[in-house]
Amino acid sequence: MAWLIIILQTAVVALMVSLPCAAATIWSASLALEGRVYESPAQYVGQAGDTFSIRAKARYVHDWNNGRDVLTVSPTFSSDSADSRRDRLDMDELGWTHLMDNAELRLGWRKVFWGVAESNHLVDIINQTNLAENPNGESKLAQPMINIALFSNYGTLDIFALPGFRERTFPGTRGRFRGPLAVDVGAARYEASECNKHVDFAVRWSVGLGQLDIGVSHFHGTSREPTLLNGTARPVPYYPQIAQNALDLQLTADALIWKLEAIRRTGNLQSFYAAVGGIEYTFYGVLQDRTDVGVFLEYSHDTRGTSAAFGMDDDVFMGLRLVLNDSDATEAMLGMVNDLNGDGRSLLIEASRRMGENWKLYMEGRWMRSINRSDAIYPARFDSYIQVGAEFYF
Amino acid sequence: MMKLSIMLVGLLAYGVSHADELTDRGLALALAMDRAESGYGDYTVTVTMHLFGRGGTESIRELRFRTLETENDGDKSIVVFDRPKDVAGFAALTHAHKRGTDDQWMYLPDLRRVKRIASDNQAGPFVGSEFAYEDIGSQEPEQYTYRHLGDAKYDGHACFELERIPVNRNSGYSRHVVLIDQERHIPLRIDYFDRKGELLKTLTYSGHQIYLNRFWRPDRAEMVNHQIGKRTVVEYSDYRFVTGLTEQDVSVDALKRLR
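Taken in sequence, the protein lines are chains A and B.
In terms of our numbering, the first sequence has 189 at position 163, counting the first letter as 1, and numbering is strictly consecutive.
In terms of our numbering, the second sequence has 163 at position 172, counting the first letter as 1, and numbering is strictly consecutive.
This is chain A alone, in the form it adopts within the complex (with noise of 0.2 Å):
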């Protein structure tokens, strides 16, 4: 379904030499230097050390016709002094929205966010995911997509057509948070028989009523997360076509927050269950009536077992969130995740401040002790890592 591809292409070139005037442009980039520091050596043949890399991102976004037709274009570079699986030239977004009444059409590679839970995202499956980039998951890699919304009192309804599979990446041979082997991304293996050129389709219903949030969700198509073929000299990814119904809820009841994601995925090879859900509280203004402090309870629990997603099969998340609500918009988030089977538990940390008014100071890290044999983590358990970064916006 090469067609879908050239469709999208013609269509964002088209629009970019024929720009109608009386509109407005907004122009911004930014960069970062970031370093990493690993607690121990490199367990695995090949893998390097401490790290440094850099990342660019520029941002054209360009309206016309009252703001209802909107044209976005932004690149992305990022540059690994160690791993080349983190070197990437891409595009964070490249495409077009058009506002119709009660509908809005979008065209090109895009990101959609789906879900309310912080530690784990089951609902979220329209980007593949940059696990190179971030062992963490956050990261994420555009989409080419024909996506409508239709806008009615009963909700938003998105369709979503979704031709041109994009692999997950994996750290190389000089990375960490891999096994004793790195991937072998280039030999990816597919169930459909177009192997990365099936067209995926996707639906999402959402309503708010009242303080209650509703999302349901139905995806059909080449799964985002491989299953990995061991039988050849290098771990294999294996993309299986699978069927995902979901389901997302959040109550917002003041200061007290519900949320629950749960998600029923169906496939040849495997068919599960998987849900996560918990709390978030927040304390307002608690020291010199400045302070926000939130507190974050989730349990994550997969019928997939040791085999889940970033080993959430049956775990507790627990975080605590400090916005310091200064000037230079100080905040800071520490969890711990607890594996329940066994004695497994991840530390992490996120912290961010702005520094002057073109500076943003960030770190990052997490520590991992006492993890299970069985856990999908523990090849990598000797990657706890601190990351510093420092982002200029231009």
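Some clues are possibly wrong.
20 Å max Cα-Cα, derived SDA-like pairs, lysine to any residue [what the hints assert, rightly or not]:
| # | chain 1 | residue 1 | chain 2 | residue 2 |
| --- | --- | --- | --- | --- |
| 1 | B | Lys106 | A | Ser232 |
| 2 | B | Lys89 | A | Ala279 |
| 3 | B | Lys247 | A | Ile185 |
| 4 | B | Lys247 | A | Leu176 |
| 5 | A | Lys83 | B | Arg104 |
| 6 | B | Lys106 | A | Asp318 |
| 7 | B | Lys106 | A | Leu277 |
| 8 | A | Lys83 | B | Ala79 |
| 9 | B | Lys106 | A | Val319 |
| 10 | A | Lys137 | B | Lys247 |
| 11 | B | Lys247 | A | Arg316 |
| 12 | A | Lys137 | B | Met97 |
| 13 | B | Lys187 | A | Arg316 |
| 14 | A | Lys83 | A | Ile185 |
| 15 | B | Lys247 | A | Trp122 |
| 16 | B | Lys221 | A | Glu376 |
| 17 | A | Lys137 | B | Pro100 |
| 18 | B | Lys247 | A | Asp318 |
| 19 | B | Lys106 | A | Trp90 |
| 20 | B | Lys106 | A | Gly181 |
| 21 | B | Lys247 | A | Asn179 |
| 22 | B | Lys247 | A | Trp231 |
| 23 | A | Lys137 | B | Lys89 |
| 24 | B | Lys106 | A | Gly163 |
| 25 | B | Lys106 | A | Leu282 |
These are calculated hints, taken from the structure and not from any lab test.
Chain B: place on chain A using the hints.
Okay, now just chain B, sitting in the frame of chain A:
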């Protein structure tokens, strides 16, 4: 609004003690102020905030607001951040309610994530400034109880002095004292008293201009925090009324298509 007017008429008809009379006159002033302010339909405005620290340090925020008036309930509004650049593209949506807590959403552009958030944070500082969320939110007559304290002269204008006591228990204030221009029915100065009853902040509006021959809007507002010695100056520019905003432009989906 309707209900309140009926209530007011009812109260006036019974016309009881002096204290009640002050309350009634206070409510009447608040309703007159609300009438002078409402009926614009929708508007957009660009806001520049100068945050001055104790040591004379200054940091700048640039924001764009769009607000849609709704019948029988609070306003629906979106604020988009342009500066500082690290938060450019962040946005927040508020559906204000005359009674009960508002609905609020935040848009995180890097993750493309819209997050519904608790709106209890009324007393919290807005973008690190001396303005609390409740100071910049939609002001509805139902949010306070009132007392007409008397008359005063301010900056050459004859003013009513109105005391407002917040109904919401999450408010950071015990009371406000508002000086209302007797001619135009617009607030010129507001003193905010903290929960202990001490004077906390003073907000002054200046440089009013008239739009659509009817709506007086300030070009400048200054909030001084007397207790910590910081202040925030706000400049309003590019006011546009009746821009044709619809519900669709102040919805959760609208957050995702801002730029």
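Hints and how they fare:
1. B:Lys106 - A:Ser232: Holds, because 13 Å separates the two Cα atoms, which is no more than 20 Å.
2. B:Lys89 - A:Ala279: Since the Cα atoms of Lys89 of chain B and Ala279 of chain A sit roughly 17 Å apart, the hinted pair holds (cutoff 20 Å).
3. B:Lys247 - A:Ile185: holds, 16 Å
4. B:Lys247 - A:Leu176: holds, 14 Å
5. A:Lys83 - B:Arg104: Given that 20 Å is the threshold and the Cα spacing comes to 19 Å, the pair holds.
6. B:Lys106 - A:Asp318: With a Cα-Cα distance of about 17 Å, the restraint between Lys106 of chain B and Asp318 of chain A holds, given a limit of 20 Å.
7. B:Lys106 - A:Leu277: holds, 12 Å
8. A:Lys83 - B:Ala79: holds, 13 Å
9. B:Lys106 - A:Val319: Cα-Cα ~17 Å, so holds.
10. A:Lys137 - B:Lys247: Answer holds: Lys137 of chain A to Lys247 of chain B is near 11 Å, not above 20 Å.
11. B:Lys247 - A:Arg316: It is violated: about 29 Å lies between the C-alpha atoms, which goes past 20 Å.
12. A:Lys137 - B:Met97: Given that 20 Å is the threshold and the Cα spacing comes to 17 Å, the pair holds.
13. B:Lys187 - A:Arg316: Satisfied, since the Cα-Cα distance of roughly 16 Å is no more than 20 Å.
14. A:Lys83 - A:Ile185: violated, 29 Å
15. B:Lys247 - A:Trp122: holds, 13 Å
16. B:Lys221 - A:Glu376: This hinted pair is violated, its Cα atoms lying about 29 Å apart.
17. A:Lys137 - B:Pro100: This hinted pair holds, its Cα atoms lying about 10 Å apart.
18. B:Lys247 - A:Asp318: Since the Cα atoms of Lys247 of chain B and Asp318 of chain A sit roughly 26 Å apart, the hinted pair is violated (cutoff 20 Å).
19. B:Lys106 - A:Trp90: violated, 28 Å
20. B:Lys106 - A:Gly181: holds, 16 Å
21. B:Lys247 - A:Asn179: holds, 19 Å
22. B:Lys247 - A:Trp231: holds, 16 Å
23. A:Lys137 - B:Lys89: Measuring from Cα to Cα gives roughly 36 Å; hence the hint is violated.
24. B:Lys106 - A:Gly163: holds, 19 Å
25. B:Lys106 - A:Leu282: Within the cut-off at roughly 14 Å; holds.
Hints 11, 14, 16, 18, 19, 23 from the earlier list are contradicted by this structure; the remaining hints agree with it.
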